[in-house]
Amino acid sequence: MGTATACCSISPARLGSNPVFLRATLPLVMIANIADEDLVLRIAQGDHQHEAETELCRRFGPRVRLYGLRHLHSEDLAADLVQSVLLAVLEATRAGRIEEASHLDRFILGTCRNIAHRVREREARSTPMEAAALEPHTRLVEPSFERIDVGALLNCLGRLDARARSVILLSFQSESGTDEIAKLLETSVGNIRVLRHRALADLRGCLDGVGGARA
Amino acid sequence: MTCSTPIAWEDLVLYWAGDLAPEQVERLDEHLMGCAPCSAESARVSAVVEGLRELIPPVVTRVALARLRARGTRIEENTFSPGRQQVVFRRGVDVLVHRLAGFDLSGAERVRVAVRVESTGVLLVEDPNAPFDAQDGVLIACQQHFADLPPDILIEVSAIDASGAERTAKYSIPHVFEH
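These protein sequence lines map, in sequence, to chains A and B.
Note that my numbering has the first sequence beginning at 2, numbered continuously upward.
Note that my numbering has the second sequence beginning at 1454, numbered continuously upward.
I should point out that these hints are in silico values taken from the structure, not numbers from a laboratory.
Heads up, the beta-carbon is just placed ideally off N, CA and C, and yes, glycines get one too.
Take every hint as true, because none was put in to throw you off.
Stretches of chain A that chain B covers, calculated by requiring three or more beta carbons in the stretch to come under 8 Å of a beta carbon on chain B:
1. 53-64
2. 70-84
3. 186-200
Could you put the whole structure together from the sequences, leaning on the hints where they help?
Spelled out as structure tokens, the structure:
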């Protein structure tokens, strides 16, 4: 894919000279608890590679999706971003191109920024050549996302007072700016911010209480 | 796993509301990508925000309706004049559009729409800057899941002109939902 900004490589010789890495044979159940750095080394070395790749996707897929939702404002584009970023990261990891394994998160964020930038500019083109090999891992991140039940959400919205409800709907449905909402409701920007975060906390609490989320 | 410097709920809401400066957004992006607990909390905010964004707003435009139709949403439309008129939400319909007409909006600078329960006066929804068309009127998107709400719905449409003068029309629309 070539979108990740690889620095210098972890050479096979360097990996081979690490006795801890060579002898690392943690039980598979422990893979969820190992550090990001160890995941990178295992993938590069091919030590429990499948499990390590699956864990990397499980760990970072949801975070990449959130980045996509926040910056691309679309569920579909966020899902595409997850696939593209994880493919690029796994490819770079397999090739030993992640210089600072302990800062895998920074590498992934850099990859997110690069690809999201291209998506925004309509320049992104996926290269599915190696997708077949990587998809089983990247697909694993999809089912666990929380979806809010519409009926429960409306019910909880109905429990907010009218002003809080207006702030919430103007903020997240009309996508009005805070200044604009303050002007419309004839109050201060600071007051809108307080009303908004309190109302969102009330909605979240209400949804947790009435089982408003579904997998 | 815990975070020694957790991101405050308030800041997560600002982040998802698009109410932070770019450098603050970058700082939060960095923290969230490397922090499982804060990322999980951010996901809880995001889920509600995305749920809100997916709701069909109560007051819609023709463009929004066309988009919904293109997605396969089954839409039926009725036209109302101020006064009282019952409506039946038929089975098989996803969105019942109430076109609120018979009220002059030609001089309006903005339109406020309030949806209330007529018998109690409880305010269900208020849009202080509702989309409208001077010829077409105001389009209200009534949805199947509104069946849980009281059926006696009163919609107030207020036209506010440049001088701030306000005129209001009331549409009393008792709803019957076919099950």
